[in-house]
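Asks: Using the sequences and the accompanying hints, generate a full structural model.
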Amino acid sequence: MTSLLVVGAGLTGLFAAVLAARRGASVTVVARGRGNLELSHGCIDVWKADPPLAQTINHLPDTHPYALAGFEALEAALAAFCQITTEADYPFTAGPEDSLLLPTALGTIHVTAYAPLSLAQGHMADKTPFVLAGLSGFRDFYPALAASSLKRAGLPVEGTVELPVPGAPLRRDGYATDLAYLFDRPASRQQIARVWKPLLAGAKRVGLPAVLGLRQSSAVFLEMQERLGLPLFEIPTLPPSVPGLRLERILRRTALNAGVQIVEGVPAVGQAGEGSRVRGVVVESAGRSRFHEAGAVLLATGDVLGGGLETTPDGRVRETVFDLPVLHDGDRARWINPALLDEQPFERFGLRVDRHMRPLGMDGTTVYDNLYAAGSLLAGADRINEGSRQGIALVTAFCAVEAVLG
Amino acid sequence: MIQPNLTADLCLKCNICTAACPVAAATDLFPGPKAVGPQAERYRHPRLPLPDASVMWCSACGVCSRVCPHDVKVAEINTQAKARLVEERGAPLRDRLISNTELIGRLGTPLAPIANLSLRTRPVRWIMEKTIGIHREAPMPAYAGSTFRARMRRYCVEKPPEQNDASRVTVAFFHGCSTNYYEHELGRITIAVLEKLGCRVILPPQTCCGLAMQSNSLFEDARRQAQQNVALLLPFAEAGIPIVGTSTSCLLTMKYDYQATLGLSGREVELVAAQTFDVFEFITTRLRETLDGLTFEPLASRAIYHASCKLRSHDVGVPTLPVLRRIPQLEVTLSEAECCGGAGTYGMKREKYDVARQVGSPLFEQAREWGADFVISESETCRWWIAKHTRLPALHPIGVLYRAMK
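Chains as they are written, first to last, in numbering that gives the first Met the number 0: chain A, 0 to 405; chain B, 0 to 405.
Hints in this document: simulated from the structure, not taken from any laboratory. One or more hints might be untrue.
Unchecked claim - Cβ pair distances, simulated, as ranges: (1) Asp172(A) with Ile131(B): 32 to 38 Å; (2) Lys196(A) with Asp8(B): 43 to 49 Å; (3) Arg88(B) with Asp328(A): 52 to 58 Å.
Said to hold, decoys possible - Facing chain B, according to a computed beta carbon distance under 10 Å, are these residues of chain A, among others: (4) Arg31; (5) Gly32; (6) Glu37; (7) Lys196; (8) Pro239; (9) Ser240; (10) Pro266; (11) Gly269; (12) Gly301; (13) Gly305.
Keep in mind it's a predicted model, so treat the numbers as computed, not measured. Idealized CB from N, CA, C, for every residue including glycine.
Replies: If you want it as structure tokens, here you go:
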């Protein structure tokens, strides 16, 4: 029997699996597929709202995941995360004033807390003038678009340049991953750097789409900087997002090496047990359904996009594995704020949990003693406007694992 | 019944499958699983000719379906699209030949010394490449000179045994073509391991599973083979006797593809599917206690474990790994590659060989860098392919387990 069964293989599920396995638990991850990490910018957003979280956390409503987890747990979770990525030679750094201001492919500013070195070097508080580089034939990054917006925001953009990529695919549309595979090869890096160097003469700093390698990206990044003789920074692009993929691969690999079993490609159906306990989940595997018995189950299935929640035309919101009660507005007309960029009511839908991350019923008591939930499945946060998605994922995963393993 | 083409509508175009696809990473001739699958499905009119053949580069490793978080049956869509193309445009003689594994086995067995010598003679292989398009470097197994069934006649049964010894689990061994014609040793070892674990092993009548025909888009032939095989194994499945084997791809075909890809339905196919097991899936679930009670001899060596794609598609995780990790002094590291590239008959083809080798190159490089003594993998064609490109022995995990059980 597995001591902890995690449903979901995004940031929350994989991080929880690594934490638990490293503490000696036998862990199985069951996932519908690979998680949405592959669609993300690959940074850790914790809190972008003003005032800073340290001052705000005590004033958050007690249903907010941060309020439930507490600031100490958040710091411990972030430290554990940074340790994992550092061990994998993909260190994350924090900004000098706790926030990194990173340029996006659209030329807006993404406020984040931790970023891998190659992205963190794009911190916009650094006033060194920079050039934005597009890569020939790569349609997912238009430097002129990003440059014009950044310039309007008063940032020291010196212009744009188009860099050819020797060896880049020509016979079909290229994805960011295609370019990243090239940078994984030492011979290509050498060749590319030779072509790029004269084209970047005079630049003090260069921002380019995040494609500098998938496998050993920190080493690749540092090598490219050295070959070109100037500071670089990467800007994440549309899915498949290379920084998201790097992080996903590191976490999956760390989990596998720690002995975690990962079963990919299967939706899970929860199995309740006697009294107030769950027994595990059933998955539809090839040929037959299979019961995974577990001492504890952690739901890390995400929100509607992740498949953890489902909505119905009549205004209900369902939790998909155990059919747990979901905090939501029963009137569908009130789910969406017509002002697109303002707070959206549906953002706060999800599961209510206690301090140990155990889902609560409508009466406020825990539904099951050994069932936990973490990440974007939880109610009570406006992750987009708070800039809190990954911070919540990490700290709630951390608290759930603490609660399971004691 | 699963209708893969209907799942195309579930696709969000997130490209998680594209990022995982080992063929798209190896060649720009392949637009990627999303592009040729759920996306191209819109252009496949039921009554008009198919407009594009790039889907033929798909190696059917199945990783796309496994990683898709939205339940799109990408690999199944692509395999069916390939079959439609072949129906329209015809298959080369080569594909009709190499997919008929029973026939190749039966023809070569009495001529084993000559056949083996010829297949290792450069001019012969050169002629084979020029005339029918089988790549001259493609690995070929050596004929054993007799059939496994003939050697193991005392295990062969025509129908399920009447009297049931309740103290012993009866297991029907599905040896497949490769054990029957080439790898007798693997068959003997598997029987020995199952017997040591307390099973009574029988060899039921059986025929080629039809996978090679399915992968070569010859669905009519594959269906005929499947129906024959189901008819032969049905009495054993009806008697509740598990059908267990080492050829993990064949077993997956019986469990899953007969229904999902070839579109067969009915009680017989379902019954056989429900009783079919990969050998490690079987021993780690049904024989768990006996297996846990064993102590293993040390095997001082370093090995890379590459879980075959088809094993991973059984949706049972990687049951092999925890068992291998119990063997003292055996250092096992995990392969970083999604696929070894061989993909059954894919890598044998003149036009596919280089792409296939490129697909497996991360594994081959890893084996060299890590200084592996041998590679462990399930599927026979994977092992032949890996042995060829790493110049290392490639063992089925049951062979490793057998050595440690002595």
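Asks: A closest beta-carbon separation below 10 Å is what the hint needs, so does proline 239(A) meet it against chain B?
Replies: holds (4 Å)
Asks: When the nearest CB of chain B is found for serine 240(A), is that gap smaller than 10 Å?
Replies: OK, holds: serine 240(A) within 10 Å of chain B, min 9 Å.
Asks: Mind checking the CB of proline 266(A) against every CB in chain B and telling me if the closest is under 10 Å?
Replies: holds (7 Å)
Asks: Within 52 to 58 Å: is that where the Cβ-Cβ distance between arginine 88(B) and aspartate 328(A) falls?
Replies: Hint holds: Cβ distance 55 Å, inside 52 to 58 Å.
Asks: If you take the shortest Cβ to Cβ gap from glycine 305(A) to chain B, is it below 10 Å?
Replies: Holds - the Cβ of glycine 305(A) comes within 10 Å of chain B, reaching about 7 Å at its closest.
Asks: Taking 10 Å as the limit, does the beta-carbon of glycine 32(A) come near enough to a beta-carbon in chain B?
Replies: This interface hint holds because 3 Å falls under the 10 Å limit.
Asks: Is the interface hint satisfied for glycine 301(A)? The criterion is a beta-carbon contact with chain B at less than 10 Å.
Replies: holds (9 Å)
Asks: Taking the Cβ atom of aspartate 172(A) and the Cβ atom of isoleucine 131(B), is their distance within the range 32 to 38 Å?
Replies: holds (34 Å)
Asks: Measuring from the C-beta of lysine 196(A) to each C-beta in chain B, is the shortest one below 10 Å?
Replies: Violated - the Cβ of lysine 196(A) stays beyond 10 Å from chain B, reaching only about 26 Å at its closest.
Asks: Between lysine 196(A) and aspartate 8(B), does the beta-carbon spacing fit 43 to 49 Å?
Replies: Holds - the Cβ-Cβ distance for lysine 196(A) and aspartate 8(B), about 48 Å, lies within 43 to 49 Å.
Asks: Against chain B, run the beta carbon of arginine 31(A) and see if the smallest gap drops under 10 Å.
Replies: holds (5 Å)
Asks: Identify whether the interface hint at glycine 269(A) stands, where standing means a beta carbon of chain B within less than 10 Å of its own.
Replies: violated (17 Å)
Checked against the numbered hints given earlier, the structure breaks hints 7, 11 and satisfies all the rest.
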